[in-house]
Every structure is written in structure tokens, then in C-alpha cells.
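2 protein chains.
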Amino acid sequence: MKPNFSLRLRIFNLNCWGIPYLSKHRGDRMKRLGDLLNMESFDLALLEEVWSEQDFQRLRQKLLPAYPAAHYFRSGVIGSGLCVFSKHPIQEFTQHVYTLNGYPYMIHHGDWFCGKAVGLLVLHLSGLVLNAYVTHLHAEYNRQKDVYLTHRVAQAWELAQFIHHTSKKADVVLLCGDLNLHPKDLGCRLLKECTGLHDAYHETRDFKGSEEGCTMVPENCYVSQRELEPFPFGIRIDYVLYKAVSGFYISCKTLRTTTGHDPHSGTPLSDHEALMATLCVRHSPPQHTPDPTQGPAERSRLISVLKEAWTELDLGVAQARWWATFAGYVIGLGLLLLALLCALAAGGGVREVAILLWTPSVGVLLGAGAVYLFHMQEAKGLSRARAELQHVLGRAREAQDLGLESQPALLLGQQEGDGAEEQ
Amino acid sequence: MKPNFSLRLRIFNLNCWGIPYLSKHRGDRMKRLGDLLNMESFDLALLEEVWSEQDFQRLRQKLLPAYPAAHYFRSGVIGSGLCVFSKHPIQEFTQHVYTLNGYPYMIHHGDWFCGKAVGLLVLHLSGLVLNAYVTHLHAEYNRQKDVYLTHRVAQAWELAQFIHHTSKKADVVLLCGDLNLHPKDLGCRLLKECTGLHDAYHETRDFKGSEEGCTMVPENCYVSQRELEPFPFGIRIDYVLYKAVSGFYISCKTLRTTTGHDPHSGTPLSDHEALMATLCVRHSPPQHTPDPTQGPAERSRLISVLKEAWTELDLGVAQARWWATFAGYVIGLGLLLLALLCALAAGGGVREVAILLWTPSVGVLLGAGAVYLFHMQEAKGLSRARAELQHVLGRAREAQDLGLESQPALLLGQQEGDGAEEQ
Numbered sequence: 001m002k003p004n005f006s007l008r009l010r011i012f013n014l015n016c017w018g019i020p021y022l023s024k025h026r027g028d029r030m031k032r033l034g035d036l037l038n039m040e041s042f043d044l045a046l047l048e049e050v051w052s053e054q055d056f057q058r059l060r061q062k063l064l065p066a067y068p069a070a071h072y073f074r075s076g077v078i079g080s081g082l083c084v085f086s087k088h089p090i091q092e093f094t095q096h097v098y099t100l101n102g103y104p105y106m107i108h109h110g111d112w113f114c115g116k117a118v119g120l121l122v123l124h125l126s127g128l129v130l131n132a133y134v135t136h137l138h139a140e141y142n143r144q145k146d147v148y149l150t151h152r153v154a155q156a157w158e159l160a161q162f163i164h165h166t167s168k169k170a171d172v173v174l175l176c177g178d179l180n181l182h183p184k185d186l187g188c189r190l191l192k193e194c195t196g197l198h199d200a201y202h203e204t205r206d207f208k209g210s211e212e213g214c215t216m217v218p219e220n221c222y223v224s225q226r227e228l229e230p231f232p233f234g235i236r237i238d239y240v241l242y243k244a245v246s247g248f249y250i251s252c253k254t255l256r257t258t259t260g261h262d263p264h265s266g267t268p269l270s271d272h273e274a275l276m277a278t279l280c281v282r283h284s285p286p287q288h289t290p291d292p293t294q295g296p297a298e299r300s301r302l303i304s305v306l307k308e309a310w311t312e313l314d315l316g317v318a319q320a321r322w323w324a325t326f327a328g329y330v331i332g333l334g335l336l337l338l339a340l341l342c343a344l345a346a347g348g349g350v351r352e353v354a355i356l357l358w359t360p361s362v363g364v365l366l367g368a369g370a371v372y373l374f375h376m377q378e379a380k381g382l383s384r385a386r387a388e389l390q391h392v393l394g395r396a397r398e399a400q401d402l403g404l405e406s407q408p409a410l411l412l413g414q415q416e417g418d419g420a421e422e423q
Numbered sequence: 001m002k003p004n005f006s007l008r009l010r011i012f013n014l015n016c017w018g019i020p021y022l023s024k025h026r027g028d029r030m031k032r033l034g035d036l037l038n039m040e041s042f043d044l045a046l047l048e049e050v051w052s053e054q055d056f057q058r059l060r061q062k063l064l065p066a067y068p069a070a071h072y073f074r075s076g077v078i079g080s081g082l083c084v085f086s087k088h089p090i091q092e093f094t095q096h097v098y099t100l101n102g103y104p105y106m107i108h109h110g111d112w113f114c115g116k117a118v119g120l121l122v123l124h125l126s127g128l129v130l131n132a133y134v135t136h137l138h139a140e141y142n143r144q145k146d147v148y149l150t151h152r153v154a155q156a157w158e159l160a161q162f163i164h165h166t167s168k169k170a171d172v173v174l175l176c177g178d179l180n181l182h183p184k185d186l187g188c189r190l191l192k193e194c195t196g197l198h199d200a201y202h203e204t205r206d207f208k209g210s211e212e213g214c215t216m217v218p219e220n221c222y223v224s225q226r227e228l229e230p231f232p233f234g235i236r237i238d239y240v241l242y243k244a245v246s247g248f249y250i251s252c253k254t255l256r257t258t259t260g261h262d263p264h265s266g267t268p269l270s271d272h273e274a275l276m277a278t279l280c281v282r283h284s285p286p287q288h289t290p291d292p293t294q295g296p297a298e299r300s301r302l303i304s305v306l307k308e309a310w311t312e313l314d315l316g317v318a319q320a321r322w323w324a325t326f327a328g329y330v331i332g333l334g335l336l337l338l339a340l341l342c343a344l345a346a347g348g349g350v351r352e353v354a355i356l357l358w359t360p361s362v363g364v365l366l367g368a369g370a371v372y373l374f375h376m377q378e379a380k381g382l383s384r385a386r387a388e389l390q391h392v393l394g395r396a397r398e399a400q401d402l403g404l405e406s407q408p409a410l411l412l413g414q415q416e417g418d419g420a421e422e423q
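These protein sequences, in sequence, are chains A and B.
If you read the first sequence in the UniProt record's numbering, its first letter stands for residue 1, the second for the next number, and so on.
If you read the second sequence in the UniProt record's numbering, its first letter stands for residue 1, the second for the next number, and so on.
It is worth saying that the hints were derived from the structure and are not from the lab.
Keep in mind the model is a prediction, meaning the values are calculated, not measured.
The reader is advised that the hints may include incorrect statements.
To be verified - Straight line, CA to CA, 25 Å or less: simulated BS3-like cross-link-like pairs of lysine-lysine:
1) LYS145(B) to LYS168(B)
2) LYS87(A) to LYS145(A)
3) LYS253(A) to LYS184(A)
4) LYS31(B) to LYS145(B)
5) LYS62(A) to LYS31(A)
6) LYS169(A) to LYS169(B)
7) LYS168(A) to LYS169(B)
8) LYS87(A) to LYS62(A)
9) LYS168(B) to LYS168(A)
10) LYS169(A) to LYS87(A)
11) LYS168(B) to LYS169(A)
12) LYS253(A) to LYS87(A)
Bound-form chain A, shown alone:
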């Protein structure tokens, strides 16, 4: 690669709020999204919440001349909602579906049915290997009493792990999506500290858009004003994150967001705001001087966030086991009740009542069985994440004890060490 190598990348990200039958003006908004993408001609458009594959196919037809490559990530019962349109050929793609993603009995929230995932695209641009990730984490329905907090932390951890293990040969890593995490939330800090990804909003010197870079703003007519009450400017939960590895340097030249309106016609494209970033990748000679941003302070910040996440996951494991045990007791009681009802039905007397109670009893039994299985699986999934995290925490502590200068990504286990681990 030439020493004066330079590459400009224009990136678009939007959570499209494309729920069939439920999202207002979906068809019109999708049409205008297609118009905007055609007009602006980004290198890569990463979309979330395109729940209908027909919407994707329509967009694909419309965008074919400007974005010859596209992919829709399928998963779960409904789908992941993730898709991507690219000006450049996609060399490879794959996806990882998060192990934990809410509860099947929370039907009104629906996340469990979606199969929330992270999609990966590998692009080769003028000899540079770009790994672009698009994701959508579990929604937050109640910030005060967030029953999905542990799942979101586990998802952030899996996301960091997936990026780490699949980007080892990438020159540039890009992550876009709706993380459903505020910038200072545990999951967001965990992700950033573990991967070393930089936040375009913090890095750019040229930002134009909503106040404080918010991606759900009260000015947007599709947003529930009641939910945003505690946040006068709105919330920032959609991100453009990036990093370059040794030999390359990446910076965010400009970052724009929509501000509750379509940039052209006035009505919003979605209930979220779109992010439009211009990134610049340059060749940079390998540096042998220690990076002042990777000192002991950063290491202890990583250890601190890992400890915090470990505690959260540990609580989650205990809670999942409690639910599984509770469901186990209900199964036992349900079986007793059924035996009693059979005896009553056979003996006459309150026969009709006994028969009438059969349906709810069998229902309770089956329901408890499903709850038992689900929470056993949840406990296993959280234990897995906790074990992985504990391993990384052990390595980070070793590095701290040795006073090593190591990059956050390296603390995900890449450095040499001698300690045996238990997981």
C-alpha cells in the first residue's frame, strides 16, 4: 500500500422503525429513505428494524444502481431487522445471534421473537480490509426498573467478543447500530473499553445535528413525549463507532444527524434520527512510542467496567436459577393437583368442577415447564458470559500486576501469559 494512502468513507445508519401494521407511514418513510440514499450515495448504509423482508426487497430494487451489493440478515422467528446496502462488493458476510434476548412470555415486547443479532460484512477497499458490523440490542422499556439490563449487558459482551474474534485481520473496524444504551450505561462502556472502538460523536470536530448528538429527540413526531420526559434534549442510543489497527489511522471528518425531520421534506424518516458520518482512513507508519491513551488509567477503567459487568451477570445467573427453581416447584405442585383432579373426576361428586379445572392445571404445568426450560437456558447463557468475562478480567489483572502497557483489545486475551484459568 502506498505511504500516502487515503480513503474517504461515507456511512449512513438508521433504525428504520419498520414494524408492519404498527409503524406509522411505513411505506412512505421507506420510499423517502430510498430517495435519500440514492441522492446522497453513501459507501455503506446500515439499517436496523427493517422487519419486513418485502421492505428490504423494495429498497434493494430501488437502490440497485447506486448500491449494487446488499444483504438482509435473517434470524429468529421474525428476523433480525438488520440489512445493509453497499456501493462496494461485499466479500464475506456472517452473523451472530445473541444467546439471550428477552423472555418469550413478554409477547407485548416481542424482542425474543426477533432474534436480535450482529451482522458482519467484510469489504476490501483499495487493498484495505474493512470489517463493518451492524447490530440492534434489546430495547429498554423501563429505565427505572429495567428487567432486561442483564441481557443487554450479556449482549454487549457477546458483541465485543464477536468483534474481537472476527476482526483479527481487519485494518479498519466499523460498528453501527441501535445499541439501546446511553453513552454512560454499563453495556456501552463495556463494549468500548473491551474493543477499543471510538465514538464518532466524541471524536469529530465537525458535528451538526440534534442537541448532544441525540438520536431520539422530542422534536420527532413519532417519539412518545412521555418516555422522553426525563431527557429534555432526547437520548443518544444509536452509534457510529470505529477503530483502525496498526498501520492505519482513522478519523471522523464530519458527523451529521437528522433533527426530527427528513432533511428534505420535513417529516421524519423514523422515530430514530439518522447518523451520517464521513470517515477518513490514512496510512500511518507503525508507532513504537507508547500511546499515551493506553496507560494505567485506561487499564484500571477496563478492570473496573469488567468487575461491574461481572457483578451484573452474577446477579442475573442467581435470578435465572431462582426462577428455574420456582418453576420446578410449580411443576411439582401442578402434578399433585392433576392427580387430585383425576381422583375427584373418577370418584364422582364434584366431577364437573374437577374436569373444568383440568385445562388451567395442564396449562399451568406446561407453562411452568416452559419457564423452567427457558430460565435453565438463561442461567447457562449468563454463566457462559460470566466465565468468559472472568477470564478476561483475570488476564487484565495479571497485566496490571505486571505493569504491562497493553491495549484494551489485547486484554481480551491476546497477550502471552502463564496463568491457568478457571471458567
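Following the hints, put chain B in place on chain A, whose structure we already have.
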């Protein structure tokens, strides 16, 4: 790394048949397995079907001095059954749980509850990066009418993809496990052609063990003789597969299998045979001469197996959709029946019969709902694998048309190309 670098790796693999309450002499066999591993001192022991975490913990205690590092891969309701013991520190580990793994209503087979997975360990050995994978695919219960064939093909594909995306910086890739695939089965060919992995049994010049390298043999007293009837020597479904990337050369010096007996005490360690391989990794200067094993013949073999797998997955998608549609009709009929029963119960007359029929009707409705959701998810999972496979097939055909000399692993999308794809 020194030009005369050489590393000897002793690998052990066994499907331990460790089902609590069901597997015969489990405790005794696990004890003897521990003794054998301690005596032989392998570099890496990769185990499958260690279903009880207590068994793992007992082994761990026993093996701690000789194998200071260990990991148990947790997933699903029961677990993945996979674990590993290592003489060397484990730098990193992660896992991928297969999207499709049988049917929840096939309770007697139980695979769905296990969360079958592939586990990855990254080891740094004298500066060499070794990615070791351990896996266990869905069992084959009826070879003549194999209802799990599509799932196993999808699992083989996901396994190949996982290895491809996570081993880009590895010097040596090792895959051990119970693939539940005969050497010429579609899944096995797909895995080998896509990853470029070599089969220790075919590569070594020094093999000692069961006839034709079989890993389930009629001499083993735990094996069902009836199931092995069509195979006089047994079947080969457990493997040690490996490859080295540019700069290294790997060969299998010796391969041993047990032959239906414990090598020391006479009774078998499991219903499967153990594999013991000695691999030798040497430094090899980068070769610029084309590799004669990667010619047009290999390319067309890859294309042929990809086409075959695509057809199998396509059939699977159609079948999954058929089941989802069928379940949809049953749901509709169930709702009608429930409404009718409500009317009959309210109207008197056959009231008791109507009430009695409530339970099975609700049961059928809930069951059909679950079947619908499951097969929708199955169709999405198979469509995903089909799309990924189609992309790789497209690239392989492009390479064939261009007459490029490319390695199988490269055909998983690494080479530069211009074609837009649809998935």
C-alpha cells in the same frame, strides 16, 4: 521465529458418553479417563458428551497438576457437553451455538435441549498461534430416513464459517470432535472442502487402531450391535482435522484409536473410541509455486459440494415453511373448535363433553402455536445458511470462470472480486 522451529503436539479426543442416570458405568469410566489423561500427558484433551458439570469439575480437580488450564462450554438447557483440558495456558476462548439443532418435540432424542455448539480455544505455543476447535454435531438416529440431515448440513456449514471467520490470524487450526458424519457424507465433505482441513486418518503414515479408523466399533460392549449391522467394521464419525497456514507446515506423525477397550484395563472408556494424534508443526518458507493440490479439480469439487449443500438446504427451507403453514391452519381450526365448544358449553346439552374437550383443544392450539414459531425460526435459520452458501458459491464460480488458482478457504470470500451478490 527460528527457521528450524518445530513443535510436537499430542492431542486426545473422546466422546465420553456421559449422560447422567443413563450411561452405564459413567463414574468408573470418567475415573479411568482421568487416570489415562494423567498418565499420557497430552498437550490438549478435547472431550464431548461430558453432560454433567460435576463430572467436569471432578476431572478438573484430578487433572489440575498435569493440565492446569481447562474450560467447560455452557449452552442450551443441558449444556454443550464440550470441555477441554490443556497443558498450556488458554489465551482466549469463545463458542458458537448452532442455530439449528433438532426439534424440541423430539424429546426422546434430546439434542435440541443440549445446545450443540463449537468451542474455540486460542493457545500461544512458542510464538505460534493455535486455534483449537471442539464440536459435536446433531446425532444421526436413522440413516435410511434421516430427518436431521438438513440440520446437520447447516451445522457443518456454520462450523466451517465460524472456523473461517475466527481463524484469520491463526498459524495452525485444529478441529476435533464427534461430527456424527461419515467421511463421505455431504456435511463432512462440505466442511473439509470449505475450510481446507486435512483428515489425520488419511494423512498419517503411522496409524494403529480399529479397522478403517472407525470410532464406533462392534467390539465395544456399549455399542448397539443392531445399529452397526450394516457396517461390519463400524463407523468413523469422530475426527482429528488440521491445517497450517502460510509459513508453517503440519503433519500427523502418528494416529492411534482405542479398539473397543480401555488401553490398560480392558473395558471401554465410552461407546466411542478415543483418538490420539501426534502432530508436528514445522516452519516452512512461503511458497510461491502453485500448490498442485489446489487446482481446477479441487475447485470444481468445492463447487459441486456447495451446490449439493445448497439443494439440501433449499429442500429444508421448503419443508420448514410447509410445516409452519400446516401449523397455521391447525391454529385456525383450533380457534374455530374452541369457539364451538364455548357455544356448546354455554347452551347446555352436551355441556360436560364440551368442557372435557377444552383441555385437548387448548393443548392442540398451544402446540400448533409452538410448532408454527419453531418452524418459522427453522426456515429463517436455513434461509440464512442458504444465502451465505449461495454467496460463496457465486464467488467460487467467478474464480472458476476467471481460472484463478485459489485455495478452498479463500473461496469463502477472501479473494478480491467485483460481482454484486444477492442473498
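Query raised in the report: Which hint numbers doesn't this structure obey?
Result: 1, 2 and 4
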